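Visitor: On the provided structure of chain A, position chain B as indicated by the hints.
Number of protein chains: 2
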Amino acid sequence: MKQRIYDTRRQDVVDFEPRIAGEVGMYVCGPTVQSAPHIGHLRSALVYDQIRRWFAATGHRVTLIRNVTDIDDKILDNARIAQEAGGSEPWWGLAYRIERDFTSAYDAIGILPPAYEPRATANIAEMIAIVELLIARGHAYQAEDGSASVYFDTGSWPAYGELTRQRREQMEDAADSEPVGKRDPRDFALWKAYREHEPESASWPSPWGRGRPGWHIECSAMATRYLGEEFDIHGGGLDLRFPHHENELAQSTAAGHGFARHWLHNGLVNTGGQKMSKSLGNSLFAHDLLEAARPIVLRYFLGSAHYRSVLEFSESSLSEAAAAFERIEGFLERAAAQGVPLADPAVSGPTIEDLPVEFVAAMLDDFAVPQALAVLHTAVRAGNAELDRSGGSPEAQRLAAQVAGMLAVLGLDPRDAVWGSDAASAGGGDDALDALVTALIEERRAARAAKDFATSDAIRDRLLAAGIALEDGPNETRWSLA
Amino acid sequence: MKQRIYDTRRQDVVDFEPRIAGEVGMYVCGPTVQSAPHIGHLRSALVYDQIRRWFAATGHRVTLIRNVTDIDDKILDNARIAQEAGGSEPWWGLAYRIERDFTSAYDAIGILPPAYEPRATANIAEMIAIVELLIARGHAYQAEDGSASVYFDTGSWPAYGELTRQRREQMEDAADSEPVGKRDPRDFALWKAYREHEPESASWPSPWGRGRPGWHIECSAMATRYLGEEFDIHGGGLDLRFPHHENELAQSTAAGHGFARHWLHNGLVNTGGQKMSKSLGNSLFAHDLLEAARPIVLRYFLGSAHYRSVLEFSESSLSEAAAAFERIEGFLERAAAQGVPLADPAVSGPTIEDLPVEFVAAMLDDFAVPQALAVLHTAVRAGNAELDRSGGSPEAQRLAAQVAGMLAVLGLDPRDAVWGSDAASAGGGDDALDALVTALIEERRAARAAKDFATSDAIRDRLLAAGIALEDGPNETRWSLA
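Protein chains in written order, with our numbering: chain A, 682 to 1163; chain B, 682 to 1163.
Chain A extracted, bound-state conformation:
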């Protein structure tokens, strides 16, 4: 069976054949590092992380490049606003600080690092080279007001609009911040002339004068620098289709590059359908989400809708994800407790032969992770039934190995060291403490019921000495670390 993928440009599900057998080159649009990462950033990163892991599981060498846009109107604006309020952080310091926030958030939900994470500001020469090529080929021109700006000549490129199936006549004007000197309002900036109110450090020399790159040319330059002039997959959020990806495609192909063979777009996150809690806020920053949910549960949740669908966020959908994930986790714990041997996910990568055929079929069908998760839950149910019936039988072992293999493919094995003490708490010291304290609370309850207050007080004192406080409620006794 072939890998099938939905290609935005073809508006169809097509066979995927890597350009070079056994190798996949992927470029994913990373963040503009202007403010803290939110749920949409996490989802996009997660989508391409699971796709990349699937390609690896099916025997491909994957080179994933995810850029950082570290020069941009909004970065300069945010830095200026903070400086006017008394701050001293330069725009590049802000960009770096936010880049670190993104790295932490990605790491927290188990996103594998890309092969490289180029910064736009580190690729200025490569961008200038493409702009020069476009001018030489008659697809770009220096601004007609004499400034250093350079625009892509949309009228010169008949294919313009092919990605989003728009006719140029019906397109909106390009939203450049200072659209002066253009021949046509739909033309977009490749190079933006330096403006006096901006920091000089945010401009670079070029054949046309000081300035900085347009957003779109950044990705064209970074993708081809690290993946070559033609590569397999370009991914990004659905909101980037137009104008960003349309313009990338136009300028790169107009420059003579094959560029991306396939365009993938992930759906957005809908957070508007439900009232959010105060603790989460409506902005749903990664930082808040990671306080509200275990990172592995957040990862599970982010993968719970098909990558092309809208992901509906609500507190209840997050809770449902937690409950669903805990069913999987509970099965692994039960299996381990009954002596079922489970491969260490760090040692043996999963091989496609060990996975249920329905799981493989789902993933081959445009990375249908929700269907794949359904197969996983079916195996968990069957595995639990088998444990009930006959303990650690060969069939239980087979099912547990399948579950572990599917989890590994999806980056969701709670035993993976990446989850640290969060997921390792399943079976670790926290569980032991909870079990022990719960048993002692029960013993104390029995002693009190028998009016043996000496024993019940002794238990309370022993717990207190260990730093554990009890609080008797009407129906139950709760405990907490003092």
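Keep in mind that the hints were calculated from the coordinates and are not lab data. Quick caveat, the model's predicted, so the values are computed rather than measured. Just to be clear, a hint being listed does not mean it is correct.
As the list claims (entries may be wrong) - Pulled a few chain A residues facing chain B out of the computed Cβ check, cut under 10 Å:
id, residue
1, Glu704
2, Ser769
3, Gly774
4, Arg778
5, Pro795
6, Pro799
7, Arg800
8, Ser882
9, Asp1112
10, Leu1114
11, Leu1117
12, Val1118
13, Thr1119
14, Ala1120
15, Leu1121
16, Ala1146
Stated by the list, open to error - Which residues of chain B face chain A? A partial, calculated answer using Cβ under 7 Å:
id, residue
17, Pro794
18, Arg1143
19, Ala1147
20, Gly1148
21, Ile1149
22, Leu1162
Yeah, the Cβ is synthetic: ideal placement off N, Cα and C, and Gly gets one too.
Guide: Relative to the frame of chain A, chain B by itself:
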């Protein structure tokens, strides 16, 4: 009292006056990302982190720039060797992966992130600009063999040798990998001509032809790009004094830049004096050290010698550091248990007024951290005595506040969130579990001594049910999580 610092160029302790009152610009030579971080890298980062924190505590706005050298002979060699062994990682992927290792190691021991971490490959244009300036000023020349290489003309710069007090006549030849076309063997490369056996992606266009920068010019360009043509402090390991820092100084001043006002050098780590354990290995990689010691203890250890002295590493010196740090930690725990209020280090930064004058004097005297730690331990001893004598008295509160303040300045407060569950285990769930299990083991021992085997077995079963296994030895019973 003034801040005093040892300036390598002046070979003397001098008054430190920032170039702009209240602001400190520091450039620190970061790693060449060719292989995993080791103890020497951690020590260097720690030294400048504590200096930077001290400047911040004394009211300065610090801009610390620490670079990443991500293009270098050794990076290219290591990538090529791995490719010849069947790997597919390009040199830039290797550099990025190792850069991430360094970031993790720095984060683990609480090194604050720099204001910016420039990569050499992102500053090629700035390097070329300095080389052009040097040629124009008569201090550099294109290789006489007609290649694209450019060399600094050491004979043209009378001050050459000033940093390390060497006369040019007595200097060694520069150790460039392909020293062809030089006028003098002591001249060093500013730009290295592209060589056919290297990947083309590791070369950039320049006015002299394709090539890559020399190591020294990288730091000259990155320091001035982010800190300006003149800045306060340049730091790095003692092994970098010559030729790296000598050459940086020569080329930057020859280009007309004021460059660093002061040069600081940290001493190296001696790991040869002692036989190392197998688990650590003789290479002392950060990864192994972080397995062998709690990160906060490793940080304490790395700061336990004066920054200009050799730090002697041995297992026993690491154990001594652990014991010393635990005395501090124990005092904080005792104080908290006795109700002494301690400021949250995350909320209130320490102010110099709250610190013992001896501590302040030590830090003002060329950042004498070992003396500062001695003051800290004196306060801990006095604090413990006060707790013994009168519990949480005002004097105990004053001493505890001083201890917390000194720890905050040094980045060593175990309650700081940066240490996560590692240091938080002081007083957390792990301690409660240990206390509880130890009490139950003692109860079981007493029951067995009284031949009450029903009780002793019941205790063992209750522990087992909570996932805790006991192992009876000749003198004691150990426990572990099953």
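Visitor: With reference to the structure, classify each hint as holding or not holding.
Guide: Do the hints match the structure? See the list:
Residue-level restraint check for glutamate 704(A) holds (minimum Cβ-Cβ distance to chain B is 8 Å; threshold 10 Å). Hint on serine 769(A) holds. Least Cβ distance to chain B is approximately 5 Å, under the 10 Å limit. Given hint, glycine 774(A) at the interface with chain B, holds; its Cβ is 5 Å from that chain's nearest Cβ, closer than 10 Å. For arginine 778(A), the shortest C-beta to C-beta distance to chain B is roughly 7 Å, which falls under 10 Å, so the interface hint holds.
Because the beta carbon of proline 795(A) sits about 8 Å from the nearest beta carbon in chain B, less than 10 Å, this interface hint is met. Because the smallest distance between the Cβ of proline 799(A) and any Cβ of chain B comes to about 9 Å, under 10 Å, the interface hint for this residue holds. With 10 Å as the threshold, the beta carbon of arginine 800(A) comes within range of chain B, its nearest partner Cβ sitting at about 6 Å, so the hint holds. With a cut of 10 Å, the hint placing serine 882(A) at the interface with chain B holds, because the nearest CB-to-CB distance is about 8 Å.
The interface hint given for aspartate 1112(A) holds, since its Cβ lies 6 Å from the closest Cβ of chain B, which is under the 10 Å cut-off. The closest approach between the C-beta of leucine 1114(A) and any C-beta of chain B is roughly 4 Å, which is under the 10 Å cut-off, so the hint is satisfied. The interface hint given for leucine 1117(A) is met, as the beta carbon of that residue sits about 4 Å from the closest beta carbon of chain B, less than 10 Å. Hint status for valine 1118(A): holds, given a least beta-carbon distance of 7 Å to chain B, under 10 Å.
Below 10 Å, beta-carbon pairs count as interface contacts, and threonine 1119(A) has one with chain B at about 8 Å; its hint therefore holds. This hint holds: alanine 1120(A) has a C-beta 6 Å from the nearest C-beta of chain B, less than the 10 Å allowed. For leucine 1121(A), the interface hint holds, the least distance from its beta-carbon to any beta-carbon of chain B being 8 Å, beneath 10 Å. A distance limit of 10 Å between C-beta atoms decides the matter here; for alanine 1146(A) the minimum to chain B is near 7 Å, and the interface restraint holds.
For the restraint placing proline 794(B) at the interface with chain A, the shortest Cβ-Cβ distance is roughly 6 Å, inside the 7 Å limit, so the hint holds. Against a cut-off of 7 Å between C-beta atoms, the interface hint on arginine 1143(B) holds, since the closest Cβ of chain A lies about 6 Å away. A least Cβ separation of about 4 Å between alanine 1147(B) and chain A falls short of the 7 Å threshold, and the interface hint therefore holds. The interface hint given for glycine 1148(B) holds, since its Cβ lies 4 Å from the closest Cβ of chain A, which is under the 7 Å cut-off.
Interface hint status for isoleucine 1149(B): upheld, as the beta-carbon distance to the closest one in chain A is roughly 5 Å, under 7 Å. For leucine 1162(B), the suggested interface contact is upheld, since its CB lies about 6 Å from the closest CB of chain A, less than 7 Å.
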